[in-house]
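4 protein chains.
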Amino acid sequence: MTKGRMEAFSDGVLAIIITIMVLELNIPQEPGVSGLLPLWPILVSYILSFVFLGIYWSNHHHLLQAVQRVNGRVLWANLHLLFWLTLIPFVTGWMGENHFAPWPVAMYGVVLLFAAIAYFILTKALIRLHGKDSVLANAVGRDFKGKISVVIYCAAIPLAFVHSWSAGALYVLVAIMWLMPDRRIEKTLKSGE
Amino acid sequence: MTKGRMEAFSDGVLAIIITIMVLELNIPQEPGVSGLLPLWPILVSYILSFVFLGIYWSNHHHLLQAVQRVNGRVLWANLHLLFWLTLIPFVTGWMGENHFAPWPVAMYGVVLLFAAIAYFILTKALIRLHGKDSVLANAVGRDFKGKISVVIYCAAIPLAFVHSWSAGALYVLVAIMWLMPDRRIEKTLKSGE
Amino acid sequence: MTKGRMEAFSDGVLAIIITIMVLELNIPQEPGVSGLLPLWPILVSYILSFVFLGIYWSNHHHLLQAVQRVNGRVLWANLHLLFWLTLIPFVTGWMGENHFAPWPVAMYGVVLLFAAIAYFILTKALIRLHGKDSVLANAVGRDFKGKISVVIYCAAIPLAFVHSWSAGALYVLVAIMWLMPDRRIEKTLKSGE
Amino acid sequence: MTKGRMEAFSDGVLAIIITIMVLELNIPQEPGVSGLLPLWPILVSYILSFVFLGIYWSNHHHLLQAVQRVNGRVLWANLHLLFWLTLIPFVTGWMGENHFAPWPVAMYGVVLLFAAIAYFILTKALIRLHGKDSVLANAVGRDFKGKISVVIYCAAIPLAFVHSWSAGALYVLVAIMWLMPDRRIEKTLKSGE
Numbered sequence: 085m086t087k088g089r090m091e092a093f094s095d096g097v098l099a100i101i102i103t104i105m106v107l108e109l110n111i112p113q114e115p116g117v118s119g120l121l122p123l124w125p126i127l128v129s130y131i132l133s134f135v136f137l138g139i140y141w142s143n144h145h146h147l148l149q150a151v152q153r154v155n156g157r158v159l160w161a162n163l164h165l166l167f168w169l170t171l172i173p174f175v176t177g178w179m180g181e182n183h184f185a186p187w188p189v190a191m192y193g194v195v196l197l198f199a200a201i202a203y204f205i206l207t208k209a210l211i212r213l214h215g216k217d218s219v220l221a222n223a224v225g226r227d228f229k230g231k232i233s234v235v236i237y238c239a240a241i242p243l244a245f246v247h248s249w250s251a252g253a254l255y256v257l258v259a260i261m262w263l264m265p266d267r268r269i270e271k272t273l274k275s276g277e
Numbered sequence: 085m086t087k088g089r090m091e092a093f094s095d096g097v098l099a100i101i102i103t104i105m106v107l108e109l110n111i112p113q114e115p116g117v118s119g120l121l122p123l124w125p126i127l128v129s130y131i132l133s134f135v136f137l138g139i140y141w142s143n144h145h146h147l148l149q150a151v152q153r154v155n156g157r158v159l160w161a162n163l164h165l166l167f168w169l170t171l172i173p174f175v176t177g178w179m180g181e182n183h184f185a186p187w188p189v190a191m192y193g194v195v196l197l198f199a200a201i202a203y204f205i206l207t208k209a210l211i212r213l214h215g216k217d218s219v220l221a222n223a224v225g226r227d228f229k230g231k232i233s234v235v236i237y238c239a240a241i242p243l244a245f246v247h248s249w250s251a252g253a254l255y256v257l258v259a260i261m262w263l264m265p266d267r268r269i270e271k272t273l274k275s276g277e
Numbered sequence: 085m086t087k088g089r090m091e092a093f094s095d096g097v098l099a100i101i102i103t104i105m106v107l108e109l110n111i112p113q114e115p116g117v118s119g120l121l122p123l124w125p126i127l128v129s130y131i132l133s134f135v136f137l138g139i140y141w142s143n144h145h146h147l148l149q150a151v152q153r154v155n156g157r158v159l160w161a162n163l164h165l166l167f168w169l170t171l172i173p174f175v176t177g178w179m180g181e182n183h184f185a186p187w188p189v190a191m192y193g194v195v196l197l198f199a200a201i202a203y204f205i206l207t208k209a210l211i212r213l214h215g216k217d218s219v220l221a222n223a224v225g226r227d228f229k230g231k232i233s234v235v236i237y238c239a240a241i242p243l244a245f246v247h248s249w250s251a252g253a254l255y256v257l258v259a260i261m262w263l264m265p266d267r268r269i270e271k272t273l274k275s276g277e
Numbered sequence: 085m086t087k088g089r090m091e092a093f094s095d096g097v098l099a100i101i102i103t104i105m106v107l108e109l110n111i112p113q114e115p116g117v118s119g120l121l122p123l124w125p126i127l128v129s130y131i132l133s134f135v136f137l138g139i140y141w142s143n144h145h146h147l148l149q150a151v152q153r154v155n156g157r158v159l160w161a162n163l164h165l166l167f168w169l170t171l172i173p174f175v176t177g178w179m180g181e182n183h184f185a186p187w188p189v190a191m192y193g194v195v196l197l198f199a200a201i202a203y204f205i206l207t208k209a210l211i212r213l214h215g216k217d218s219v220l221a222n223a224v225g226r227d228f229k230g231k232i233s234v235v236i237y238c239a240a241i242p243l244a245f246v247h248s249w250s251a252g253a254l255y256v257l258v259a260i261m262w263l264m265p266d267r268r269i270e271k272t273l274k275s276g277e
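One line per chain: the protein sequences are A, B, C and D, in this order.
Using the numbering used here, the first residue of the first sequence is number 85, and each one after it goes up by one.
Using the numbering used here, the first residue of the second sequence is number 85, and each one after it goes up by one.
Using the numbering used here, the first residue of the third sequence is number 85, and each one after it goes up by one.
Using the numbering used here, the first residue of the fourth sequence is number 85, and each one after it goes up by one.
Just so you know, these hints were derived from the structure itself, not from any lab.
A portion of the hints provided could be inaccurate.
Pairs involving identical chains hold if they fit within one copy or between any two copies, as the list cannot separate such chains.
[To be verified] Derived lysine-lysine pairs resembling DSBU-like cross-links, with alpha carbons at most 30 Å apart:
| # | residue 1 | residue 2 |
| --- | --- | --- |
| 1 | Lys87 | Lys208 |
| 2 | Lys231 | Lys216 |
| 3 | Lys231 | Lys208 |
| 4 | Lys229 | Lys216 |
| 5 | Lys87 | Lys216 |
| 6 | Lys229 | Lys87 |
Just so we're clear, the structure is a prediction, and the values are computed from it rather than from any experiment.
Construct the entire structure; sequences and hints are all you get.
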């Protein structure tokens with residue numbers, strides 16, 4: 085089974101998620117800057133989620149580059165990942181509209197945590213299909229960044245109830261860590277050629 | 085006529101349907117968990133519809149894998165299927181917001197029933213184009229799962245007025261039955277090579 | 085310049101237009117059938133617009149099949165067509181919510197009329213690029229259906245103010261006329277091979 | 085790394101942005117023309133933004149035609165461009181609903197300015213990857229239109245507070261300037277063959 089349609093479908097869902105979030109930026113009634121200023125927490129949470137979805141799209145792109153084929157298990161692992169990502173606009177809007185209150189910030193972390201786990205499952209399903217000695221398996225390696233992200237999310241979720249802005253700062257930390265594209269796969273692919 | 089654009093258009097529509105449903109999860113005004121709890125029936129109906137749309141996408145993907153070309157009749161059979169699927173966000177939201185009340189649950193079943201019939205028509209249109217001895221015709225075979233789904237929907241729709249949760253349980257049953265990807269086509273394609 | 089991205093972009097816009105229309109079907113507050121019945125004019129106008137957009141997608145698909153390349157002029161002729169099509173959800177919702185009142189029905193016809201003209205311009209731009217003796221030019225031929233559609237729209241728009249349901253019936257007539265896929269292009273392509 | 089998925093994802097985001105803007109055209113409650121007339125500033129701002137997004141899509145299309153491959157830096161330069169473009173529906177709606185009041189018109193210019201800068205960065209990232217002697221570098225050349233656009237935006241933003249309609253006229257001027265597709269790339273590509 086070819087990977088083309090899975091890529092196209094994922095691109096579609098990610099493109100829509102990213103664009104739907106901007107609908108949370110409700111257009112102010114008043115024409116002055118006073119209508120714009122109260123939107124800043126929504127804009128901040130939008131930027132954070134835009135970056136996270138950009139990271140997922142970019143990593144998904146790298147991951148699928150290293151892959152030759154997919155099967156039913158991979159299709160569903162991918163849909164499972166997309167499910168958690170579709171919840172991002174909801175938690176983004178909730179967090180932004182409530183000025184980073186504890187519960188919304190914690191739920192934002194929960195969605196990020198399950199998305200990270202879903203990405204991990206997708207990686208495992210692809211490695212299982214291509215073999216432990218495949219280019220993909222070497223490229224993914226020990227997946228240090230994936231594991232540390234899960235640890236940080238697990239710390240940030242309870243922290244949100246103590247000091248929600250610190251939890252938010254941890255999410256930003258994870259985003260910065262991932263902003264560098266996954267050179268492991270690029271390198272391994274090159275050395276594989 | 086090549087199948088590429090029909091696949092791309094279907095992927096686009098399915099990706100948007102899946103993502104639009106999440107807009108029904110209205111962001112609560114209050115920042116606490118008390119704002120989140122009333123959303124559970126909407127979330128449950130969202131998950132159910134997400135799985136159904138995932139099943140349709142996955143089966144559509146398998147079906148089109150076994151196909152070489154399309155014609156005008158197939159394009160319209162596909163649009164007819166997409167029409168019924170576009171109604172899923174509406175019935176999903178109605179069912180979720182009314183806590184699985186009889187009418188919404190019954191209408192949800194009606195939409196699923198017509199989508200199943202539309203999928204059946206699409207399959208027939210493709211078999212008609214490729215011939216009764218084609219790989220596709222062998223792969224689809226007697227279409228046991230498709231027929232039993234229709235029977236279950238026909239039972240669930242009246243049942244919704246007697247005991248709506250049992251009708252909902254029947255929908256879940258159909259989803260579980262389909263969650264396994266359609267190995268018939270995979271197998272027949274392999275043996276055909 | 086290859087036609088692939090113009091097809092992909094058009095597919096995306098059409099898929100979103102078709103799916104956005106369904107958002108006009110506002111979910112009723114009440115769980116009974118009494119909440120559903122008032123939606124019938126919105127559903128009827130949705131079905132009509134779904135069919136028109138399906139016709140445009142199908143014809144666009146056929147048209148681009150007969151085409152080898154595009155240029156800047158074609159890209160903009162295509163964007164111009166998409167502009168008029170993006171107004172369809174607006175006039176569809178207005179017409180449905182006002183039970184096919186004169187002004188909404190007339191404006192629906194105006195949007196259809198300009199979309200038909202835009203499709204005609206796109207066809208001309210493609211013929212200009214491929215030459216008057218091209219397969220495409222032969223396939224399009226005298227474009228009888230396109231011309232008669234424009235005539236019917238021009239009659240339906242004033243008629244909407246006299247008897248809006250008759251104008252609506254004329255739109256249905258155009259849709260039925262187009263529902264048969266454009267066999268001219270299929271035939272000419274075949275005989276060209 | 086191939087450019088296919090970056091094109092597909094950008095097409096998806098642009099298609100959704102263009103279509104989401106039309107949701108700002110709220111359907112009037114009343115069935116008469118009196119409900120339609122107050123919408124004209126929203127329609128005007130929609131048309132302007134549709135043209136700008138069409139220009140970005142068309143230029144993006146030309147740019148990627150001249151490109152053989154992408155890397156992580158290019159993916160993120162592209163996401164950065166898409167970020168600014170996703171803000172266009174917001175400023176379009178704000179400007180239209182407030183009848184081209186100073187602040188919304190100025191913010192519209194700010195978003196256009198940052199999108200122009202992001203496009204410039206994307207071009208540079210692509211030239212860096214393909215080399216200063218590449219077909220792409222020659223095709224882009226001194227980028228006169230890009231530079232003059234930035235100058236006009238920088239003039240229009242303060243002008244919006246003095247005379248907002250003049251600022252709007254400057255945006256229209258930029259759009260007209262760009263409406264001609266980028267023949268530089270087409271020419272250089274041809275001469276390169």
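Practice problem: Output the numbers, in ascending order, of every earlier hint that fails for this structure. | Solution: Per hint list: zero violations.
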